[in-house]
Amino acid sequence: MRIVDVSEIIPVVARLCVEANIYLDRDVVERIEEFAGVEESPLAREILEEILENARLAALEKMPMCQDTGVTVVFVELGQDVLIVGGDFKDAINEGVRIGYREGFLRRSMVEDPIFDRRNTGDNTLAVIHTEIVPGSDVRITVAPKGAGSENMSEVKMLRPADGLDGMMEFVVDRVSRSGGMPCPPVIVGVGVGGDFEQCAYLSKRALLRPLNEVNPDPRWRSVEEELLKRINRLGIGPMGLGGRTTALGVQILAMPCHIASLPVAVNLQCHAQRHKTAVI
Amino acid sequence: MTEKLRIHTPLDESVLERLEAGLRVSITGKIYTARDAAHKRLRESMMKGEDLPFDVRGQVIYYTGPTPEKPGAIIGSAGPTTSSRMDPYTPTLLERGLKGTIGKGPRSREVIDAMVRNRAVYFAATGGVGVLLAKSIKESKVVAYPDLGPEAVRVLDVVDFPCIVAIDIYGSNLYEIGVKKYRVQ
Chain A
10 MRIVDVSEII
20 PVVARLCVEA
30 NIYLDRDVVE
40 RIEEFAGVEE
50 SPLAREILEE
60 ILENARLAAL
70 EKMPMCQDTG
80 VTVVFVELGQ
90 DVLIVGGDFK
100 DAINEGVRIG
110 YREGFLRRSM
120 VEDPIFDRRN
130 TGDNTLAVIH
140 TEIVPGSDVR
150 ITVAPKGAGS
160 ENMSEVKMLR
170 PADGLDGMME
180 FVVDRVSRSG
190 GMPCPPVIVG
200 VGVGGDFEQC
210 AYLSKRALLR
220 PLNEVNPDPR
230 WRSVEEELLK
240 RINRLGIGPM
250 GLGGRTTALG
260 VQILAMPCHI
270 ASLPVAVNLQ
280 CHAQRHKTAV
290 I
Chain B
141 MTEKLRIHTP
151 LDESVLERLE
161 AGLRVSITGK
171 IYTARDAAHK
181 RLRESMMKGE
191 DLPFDVRGQV
201 IYYTGPTPEK
211 PGAIIGSAGP
221 TTSSRMDPYT
231 PTLLERGLKG
241 TIGKGPRSRE
251 VIDAMVRNRA
261 VYFAATGGVG
271 VLLAKSIKES
281 KVVAYPDLGP
291 EAVRVLDVVD
301 FPCIVAIDIY
311 GSNLYEIGVK
321 KYRVQ
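Note that the protein sequences, when read in sequence, are chains A and B.
Here the working numbering is used: the first residue of the first sequence is 10, the next is one more, and so on.
Here the working numbering is used: the first residue of the second sequence is 141, the next is one more, and so on.
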């Protein structure tokens, strides 16, 4: 049994909130550079260059790369041999978010309730927290701020098993196509397949945590990802929806078992400001 | 670099008619920020017959909600937000004389029709490049709805603010033309 006090968690979450919003990951930068090199549209190339220049400036000036510093999504892998003491675990994460967003001059974008007065909570809480109990004695925390532009273009669809791979691929391409310039393309396409209604939505977001330079460990899914990326980049949407070949930087799929009568598929679109930072306590 | 035209606000007719979809421009002058909550209040004011907090005639509205500025800084990150959320409010503002909007993503048929009718343009700024765009902002002052925080209406002094004419006064729409050009059948 390892004891972890909540006071150790708070500053880690705060730091991850700030760092995730400032520093664009190397794998995303490299993928944008790669696509900019082969992009046919001069305007699209200039937009990709602006994105790269913005990433450089953000790191240099320690400013959030995008003004939409997101809903704070926190993935926790909690080792089952860890005992959390000193307070409420979720309160500690939210306190970390509160401090990170205040001290990092990040935008507070959360409203108290979704319908009635939509009053800003003023500190970007509550975070969306996904906790999984895993073997071991580590606490692994990933902070992944998610902007609304791309999140709003996401969707879950309950396909029929007979729709199969073709139906699944058609839905993914169609979702990107219907989104056009709204989700700030070039996007990264997170896809969840299987599980049930809410589980596949979770998978689609979790799929986005895989770095772009790591391939899907399952060769069948790897080839589906490659085929989907090809089809999506034939849509012509391009950076910001103004035309071009670079509509998506990658497609990332996570799959799991599902009911004999179901085929849930979820698409979670991620803008080019792909933000996630991880720490292990 | 493709051709880039330097323009100034407020926008007058002689400039507006030169702004064709696909043209890169850089804007200098005053622009106003407003997004969802501010638009809702602007509409409420108009419905009550009250004066708007600023005269929209000839002006440009930039859809943005910046991050809080660090001490001593003019503004935080300030990129465009999705314009379509403002579509329900835009035609009324265009009827009032608004000549330009800056945001990201396509506009509705109703907005495009109102733009053609009132000879106004829509500029696309690159989404997610809030640090780069903030470089062009030389002054920022809240002029209405300070209680809305990041959604308050500000007047910004911009110099060479980079954008692209996405939809012009003739109704030509880069979101359709550009995608059609690069789509592989």
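Note that these hints are calculated values from the structure, not bench results.
Possibly wrong hints are sitting among the right ones.
Here are the simulated EDC-like pairs of lysine to aspartate or glutamate, each with C-alpha atoms no more than 20 Å apart in a straight line [claimed, not checked]:
(1) Lys180/B / Asp126/A
(2) Lys144/B / Glu59/A
(3) Lys275/B / Glu70/A
(4) Lys144/B / Glu70/A
(5) Lys275/B / Glu62/A
(6) Lys188/B / Asp176/B
(7) Lys170/B / Glu153/B
(8) Lys170/B / Glu279/B
| task | Check each numbered hint from earlier against the structure, then list the numbers of those it violates in ascending order. | result | As far as the earlier hints go, only 4 is violated by this structure.
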